[in-house]
Amino acid sequence: MSPHDATPAGPGPGPAPVAAGAAPRFAAAVANPKVLRRELTLNERLFVGPFVKALWYTFTRMFRKDITRRYPEQKMEVKPTLHGVPVLVMKEDGAPRCVACGLCEFVCPPRAIDIQPGETDRPIEREPKTFVIDMLRCIECSYCEEVCPEEAIVMSTEYEVVGRRREDFVWDLKKLLKPAQELAARIAWVRKTYKRWDAAAEIAPPPGGVFRDPRWAGRERPVDSH
Amino acid sequence: MTTLTERIVTVADLPQPPGEGDLHSEPMELSMGPQHPATHGVLQCKLILDGEKIVRIDPVMGYLHRGKEKHAEHMTYQQFFTLTDRLDYLQPLANEVGWALTVEKLAGIEVPARAQAIRTIICEFMRLSAHLVWAGIGGVDTGAVSMFMYAFRDREALFDLLDELTGLRTNQEYLRIGGVGTDLPAELIVKMKAWIADFPAHIDQFELLLTGNRIFHQRMRGVGQISAAQAIDLGVTGPCLRATGVGVDLRRARPYLLYPQLEFDVPVGTRGDAYDRYLVRIEEMRQSTRILKQLLDQLPAGDWIAKDWKNVLPPKGRVYTSMEEMIHQFKTVTDWCPPKGEVYQATEAANGELGFYLLSAGESHPYRVKIRSPSFINLQALKPMAIGAWFGDIVAIIASLHFIMGECDR
Numbered sequence: 001m002s003p004h005d006a007t008p009a010g011p012g013p014g015p016a017p018v019a020a021g022a023a024p025r026f027a028a029a030v031a032n033p034k035v036l037r038r039e040l041t042l043n044e045r046l047f048v049g050p051f052v053k054a055l056w057y058t059f060t061r062m063f064r065k066d067i068t069r070r071y072p073e074q075k076m077e078v079k080p081t082l083h084g085v086p087v088l089v090m091k092e093d094g095a096p097r098c099v100a101c102g103l104c105e106f107v108c109p110p111r112a113i114d115i116q117p118g119e120t121d122r123p124i125e126r127e128p129k130t131f132v133i134d135m136l137r138c139i140e141c142s143y144c145e146e147v148c149p150e151e152a153i154v155m156s157t158e159y160e161v162v163g164r165r166r167e168d169f170v171w172d173l174k175k176l177l178k179p180a181q182e183l184a185a186r187i188a189w190v191r192k193t194y195k196r197w198d199a200a201a202e203i204a205p206p207p208g209g210v211f212r213d214p215r216w217a218g219r220e221r222p223v224d225s226h
Numbered sequence: 001m002t003t004l005t006e007r008i009v010t011v012a013d014l015p016q017p018p019g020e021g022d023l024h025s026e027p028m029e030l031s032m033g034p035q036h037p038a039t040h041g042v043l044q045c046k047l048i049l050d051g052e053k054i055v056r057i058d059p060v061m062g063y064l065h066r067g068k069e070k071h072a073e074h075m076t077y078q079q080f081f082t083l084t085d086r087l088d089y090l091q092p093l094a095n096e097v098g099w100a101l102t103v104e105k106l107a108g109i110e111v112p113a114r115a116q117a118i119r120t121i122i123c124e125f126m127r128l129s130a131h132l133v134w135a136g137i138g139g140v141d142t143g144a145v146s147m148f149m150y151a152f153r154d155r156e157a158l159f160d161l162l163d164e165l166t167g168l169r170t171n172q173e174y175l176r177i178g179g180v181g182t183d184l185p186a187e188l189i190v191k192m193k194a195w196i197a198d199f200p201a202h203i204d205q206f207e208l209l210l211t212g213n214r215i216f217h218q219r220m221r222g223v224g225q226i227s228a229a230q231a232i233d234l235g236v237t238g239p240c241l242r243a244t245g246v247g248v249d250l251r252r253a254r255p256y257l258l259y260p261q262l263e264f265d266v267p268v269g270t271r272g273d274a275y276d277r278y279l280v281r282i283e284e285m286r287q288s289t290r291i292l293k294q295l296l297d298q299l300p301a302g303d304w305i306a307k308d309w310k311n312v313l314p315p316k317g318r319v320y321t322s323m324e325e326m327i328h329q330f331k332t333v334t335d336w337c338p339p340k341g342e343v344y345q346a347t348e349a350a351n352g353e354l355g356f357y358l359l360s361a362g363e364s365h366p367y368r369v370k371i372r373s374p375s376f377i378n379l380q381a382l383k384p385m386a387i388g389a390w391f392g393d394i395v396a397i398i399a400s401l402h403f404i405m406g407e408c409d410r
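Top to bottom, those sequences are chains A and B.
Numbering of the first sequence is given in my numbering, commencing with residue 1 and proceeding in unit increments.
Numbering of the second sequence is given in my numbering, commencing with residue 1 and proceeding in unit increments.
This is chain B alone, in the form it adopts within the complex (with noise of 0.2 Å):
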């Protein structure tokens, strides 16, 4: 694991080419990225060759970096959902959720369990949402280009419920610190339910496009494979860790949420290849409509934004007519300080383990925020899964991999 660290690699350093009658080539640089539409986002692949065997490669992140967690210590905490948001913009809510637990915890409030139910809710459509989006884009990667459109479907239909709810398409600045925004209104709810009641034939469709095609076989199998002890090593969480057959979900391992209460299985892949990716993702979608399913059938009653007077915004009818809860308006927005103390909560996000630190200093600002963002340190991964491998691999393995680089580069 020592050559992670080296970044700059000349052709100079590399064994010099083989000599006479032997099909070896000159190693060649080079360049992927950063605009290929292959590398999902801003991503450079700084490639060695040697003939269409790949000797090194770099990865350059950065490209995207817009400095959200120096940001943090200029916002409140509240107005940091907006850019958190904006992480992995795949499951905008389900950064969201992380934010709102982390800075739960520091405070020590109590989300009523209704809201809890709908945090819950949207972390798995968001899930749902991001999953669509890397069989889509997985599909275009390794030939199948109609994946995308059958993915896309499903995931428009998926937005337009979230529309419905939170009033925004994408982004949605939902949750509040103590709950969410809005209610779940019960005419969404019976469309919810219309969606997953038809949702699980749409993953049959899928499969029967992905599964049992040669091509995608062809390109999958065997594909950018790593150990356990490999992806422990490096860190890799979420899927791609399931994948190489360690069952290590959050959702169970530290949960949080209603997941203790809700049933459902983690699914493990046997080799940790690029198929096993894509088999435990699609396995998680199922997963995932069965969880919805549970929850939308015995939605709690009761509030969706906790009844804490020193927390959250109080009533807006009285903040009409009434100079104390005006007072507390104002400074619930201007001057909400969370105690002094450091906390860090990390939820299972649709990539991995998505932790935030949070340092209080007691101010209405943030001291330090860090996110321990699963794409990056999944991206980690890249190197071991393509040193070896085809050039033409390296796009089916970064199409597994999924990383997304606006939560990569912060």
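Chain A extracted, bound-state conformation (with noise of 0.2 Å):
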């Protein structure tokens, strides 16, 4: 039996007065109902009664299921909302999807992303000569994700980034880039929620990945030739 049980549901019997002082600041004072304070009662003063019930609900806890988990043995439940570190996503052929825009390496809050950008002879021609994330810095917060306008940059489901130097923390594109396939489900999360109000802006891209504005279909610039 709660003490509180006492305590009126509804609002509280009338205007409660306001102390002085405190009517000028704020808005109309309101009905607050009062805590209940109660003295202890003689049971309570003996202390043996609620010490016995109190470790009685102890010792019944021995016998529920386990809530806490066995790690590493027992994993956490993956679930595509997870925000793991964030990773790059390889094309077919091998090639990362980015384009070195630099977007996520602007919205980076604690600066942990580093691009340096080239050219190549591919259709698309900018891709990133170096892409470095360190990881110590990370935050994992998603803003490069929410940000990248190429889908080349998303959260995986590893978090568990170990190392025994600096060096290990700082992944370059060999570690960051991974097959689109295992990232599967994440991208769909992405393409799921950040469509955001907009129901009609279903996009299913190409399976090589590249996202073309379907009115420049079939006038994409020439591989350069020099």
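Just so you know, these hints were derived from the structure itself, not from any lab.
Each hint should be verified, as a subset may be incorrect.
DMTMM-like cross-link-like pairs, simulated, lysine to aspartate or glutamate; straight-line CA separation at most 25 Å [claimed, not checked]:
| # | chain 1 | residue 1 | chain 2 | residue 2 |
| --- | --- | --- | --- | --- |
| 1 | A | K192 | B | D183 |
| 2 | B | K340 | B | E69 |
| 3 | B | K331 | A | E127 |
| 4 | A | K75 | B | E207 |
| 5 | B | K193 | A | D66 |
| 6 | A | K75 | A | E160 |
| 7 | B | K307 | A | E150 |
| 8 | B | K193 | B | D160 |
| 9 | A | K91 | A | E105 |
| 10 | A | K65 | B | D163 |
| 11 | B | K310 | A | E105 |
| 12 | A | K34 | B | D160 |
Here the structure is a predicted model, which means the values were calculated and not measured.
Using the hints, build the complex out of the two chains.
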């Protein structure tokens, strides 16, 4: 039996008196129920009854199902909403989808990303020469994923990042690139979530993962010959 | 109140010890913290004791100062959410809501009803989370070590829910200007309802362990008492103010989000001692579950982020295929500028009035941000509460005030 059972459930009994000095700064006084302060009963003052009761409560917990997990043998259930460390999506030809626009580098609050852009001979000319994420700085906020205009950087499900030296945490392209199949669940989540209010903007990207304006179909810039 | 500004007190400044035959002893200086487990983070208390009585107390703050207000001047408005998370780290999302409301007030962005409802829900979950930690740590401070386990059991289950919603356990970075990061899925609403259905029984269990406990009574009753007038003079807000009998709650006094439409009581205490602060917080947990029940039962449908092409990132599908939305995306991320002006927006966080004062020069970075952190101001009440108390009471006083040094030092 809780002592607060005596607290009135609805609005309190009439307008409560406002203490002197409180009124001018705030809006109208509202009904506030007082919390019940009670003296200890004889049983409680003798202490043995409540003591045994509380111990009994703790004792019964021993036969309940464990709420803890035996990590690392038992891992947590990985959901597509989970923010692991950010990784780069690989196209089928092994190149990154990233076009080195630098938007994730700009938005990253702890400045964990460093990109050096470069040019290639492929139809999509730009690519990152180096793409480095310092996982010691990364706070896994997913801002990079949200702003990326190419679906090139997504949050993975990897949350155990360990190493012996600081350099182990500075991931370069070799470590960051992951095949799109591995990240399918998260990419599906990104497409579902970030279409926002625009239910009509369902998009089916081509299998290669390259997004193109349909109006420009067939008019891509030819491969540079120089 | 003039003594509040004095910082450095030496033994020589104190009244000389009485003569022979008196039980008074020589005043003794004692430094408590910043590593003391009962100082809740990195607070140092310089105490001057006369035997077991506290004669002077000087809290030393700033060990966790990270210069967040200055950092804000070099970050975009969206990026600053990541720092507000780390103010009061027991309720990261409530801080984010405070900052989002401030920026939206300045920029005049209308937030859809569903986004507002989700924000209200996470605000109340954060209040529960903060109060649960307070119950657990407060229990440990007063000798009820098993309270810690039970409180953290519930908090962990609560964090599992938020993990599923936001993708991160703490410091979620969930809010966006104009709405929230993702929608609240229907299956998660079912899980949240199940958690809320169980929770009032758990509060009863907490009370079984604490409210009727004689040791707890002896530690908390009549300890750290301040009057309503004193609390108002010091600027104390939140449960610490309401425990003195002043029923001021910003959710009622200056309503924001969906609070005007919700039915809840604002519990007040009568005497303003540590025990009243305990009772008020326990009752606030019950009221929070009541608010959450109402919200989850009638969550409005609709958008979870404003349909505002100038202020919110465009739909991703269009960014992939259309040049105009691509430009929108780049401009919104790199060069989103609210109008010139200044605003102040306060929200009722778990510890009291959390206010953001924002001065904008019309640039993509704030010109100045001032954070009115409730912990910092509530901490000022430590002095009138502790002077004259027994040395052992200081732990109960600090536990019942429940300031968070991450927010206090900013």
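Worksheet item: Can you list which hints this structure breaks, lowest number first?
Response: The structure breaks hints 4, 12; every other hint is satisfied.
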